[in-house]
Amino acid sequence: MSTIWLQPKTLPEALAMLAADPALTPFAGGTDLYPAQAARFAWGEALPEAILDLGALPEFWGIAADATQWRIGAGATWAQLRDAALPAEFDVLRAASCQVGGAQIQNRGTIGGNLCNASPAADGVPPLLALDAAVELASLRGTRTLPLGKFLLGNRQTERAPDELLTAVLVPHRAGDLRSGFEKLGARHYLVISIVMVAAMVRMEAGRIAEAAIAVGACSAVAQRLPALEAALRGSRPGEVAVTPGQLDHLAPIDDARATGAYRREAALVLVRRLLARLALPEALVA
Amino acid sequence: MSMSVTLTVNRVPHTVQLDDPRVTLLDLLRERLDLTGTKKGCDRGQCGACTILLDGRRVNSCLALAISHDGAEIQTIEGLAEGGALHPVQAAFIAHDAFQCGFCTPGQIMSAIGLIDEGQAGEDPERVREGMSGNLCRCGAYRGITEAVIEATRSMAEDAQEKAA
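Chains as they are written, first to last, in this note's numbering: chain A, 111 to 397; chain B, 1189 to 1353.
In short, the hints are calculated from the structure, not lab data. You may find that some hints are simply not true.
Derived Cβ-Cβ restraints for the label pairs, each shown as a range [said to hold, decoys possible]:
#: 1; chain 1: B; residue 1: Ile1282; chain 2: A; residue 2: Pro122; range: 52 to 58 Å
#: 2; chain 1: A; residue 1: Thr370; chain 2: B; residue 2: Gln1349; range: 36 to 42 Å
#: 3; chain 1: B; residue 1: Glu1219; chain 2: A; residue 2: Arg266; range: 28 to 34 Å
#: 4; chain 1: B; residue 1: Ala1345; chain 2: A; residue 2: Gly349; range: 41 to 47 Å
#: 5; chain 1: A; residue 1: Ile364; chain 2: B; residue 2: Gln1349; range: 53 to 59 Å
#: 6; chain 1: B; residue 1: Glu1266; chain 2: A; residue 2: Trp171; range: 29 to 35 Å
#: 7; chain 1: A; residue 1: Ala160; chain 2: B; residue 2: Gly1290; range: 52 to 58 Å
#: 8; chain 1: A; residue 1: Asp359; chain 2: B; residue 2: Leu1274; range: 56 to 62 Å
Ideal Cβ positions, reconstructed from N, Cα and C, are used throughout, including at glycine.
Working from the sequences, and respecting the hints, build out all of it.
Set out below in structure tokens:
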């Protein structure tokens, strides 16, 4: 067997390995990569010949705050994100983390892998778009930071160059009365791939919405923010502004095995309304 | 490419030579160590039949490469009973008829042990159902499974209290 398996112990070592052989497949939790490869193998395609196992990189793990932002290591698992003591704006990401697969998947799957796999139904993407997250990409050539919306290019396509690793997700600090939440629609309650999901973060000031960030996933190749709705909500009282189908016009949901595009569009509207109503509840605003 | 991995499985160390790095923990347990209690259901992380405890946390062994986990501690269904005494979760599954065909049961039990250890669900049936959602039972024994997990949670907490007293 000529299969290559490399497990670097430091980030510089990992980047050197990747620079020397950009065909290496980065491997973290394995929860996306392995099923995808097994499915291809079942159809007669070859399994990956070269694996770069990121499991031993200390730089990859951990969630920490500095003066300006939160730094979530790319290897942070859903379980870590679910259980971490993060402020209220992260409720949206915490709720999404609770709904990715079951606990076994949450113990292994990583946020970095979720972003790099770039599935249109990636549950990590809408929450991070709503939080204005950026990603940090490292290579021997240097480190760069990209807004998440610029990193994700399409279905399974990202800005990551073959010699780069996504090392961290960066989320700016926020102050004020922050509320955030996540709504996911699947064919059943748990353990399901999203048909539609909606993530929202609102900042309240004197009973009005000072800032709203709303993102819809699984309704376009890359999850989308809703800028027209966000603008309409700014300065309004909760419940005062109606959510209209026109504010979701730029979504492009497709027909597939899980739902039709028309159903997705309808469901997205319902979920946006439901989530905003939930975030506007008095207990949510006081809590 | 020759390589080896050393794993402690049910408190016994094993060193296994691998001829391919893509061997999963599940295949290593079943094919190399003859520990066939851990089941291969879907082999793609959807059913939970292959659930084991890896360094104390429940994972799908079908999605983990064995080579990545050199030095790890693994617990499988075979390591639960001590002498002739069943683990409290095993006993509760029998008491509540928490299975029909039994294929998913080893994974259910390992997952339940992980859930109880995480200490998040307590005795709330809805939280237990959510916490056990990574394990499918195609016979539909969910009602018994939920009851068994709640009873085991209670009995293990009582045992811990007695030991502490």
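Results for each hint:
A C-beta distance of roughly 54 Å is found between isoleucine 1282 of chain B and proline 122 of chain A, which places it inside the suggested range of 52 to 58 Å. One distance hint, 36 to 42 Å for the beta-carbon pair threonine 370 of chain A and glutamine 1349 of chain B, is violated here, with the actual separation near 54 Å. The given range of 28 to 34 Å is respected by glutamate 1219 of chain B and arginine 266 of chain A, whose C-beta atoms sit roughly 32 Å from each other. Between alanine 1345 of chain B and glycine 349 of chain A, the C-beta spacing of about 44 Å keeps the proposed range 41 to 47 Å intact.
Our hint of 53 to 59 Å for isoleucine 364 of chain A and glutamine 1349 of chain B holds, since their Cβ atoms are close to 55 Å apart. For the pair glutamate 1266 of chain B and tryptophan 171 of chain A, the supplied restraint of 29 to 35 Å holds, since their beta-carbon distance comes to about 31 Å. For the pair alanine 160 of chain A and glycine 1290 of chain B, the beta carbons lie near 40 Å from each other, so the given range of 52 to 58 Å is not met. Taking the beta carbon of each, aspartate 359 of chain A and leucine 1274 of chain B are about 60 Å apart, inside 56 to 62 Å as hinted.
In summary, the structure is inconsistent with hints 2, 7 from the numbered list given earlier, while agreeing with the others.
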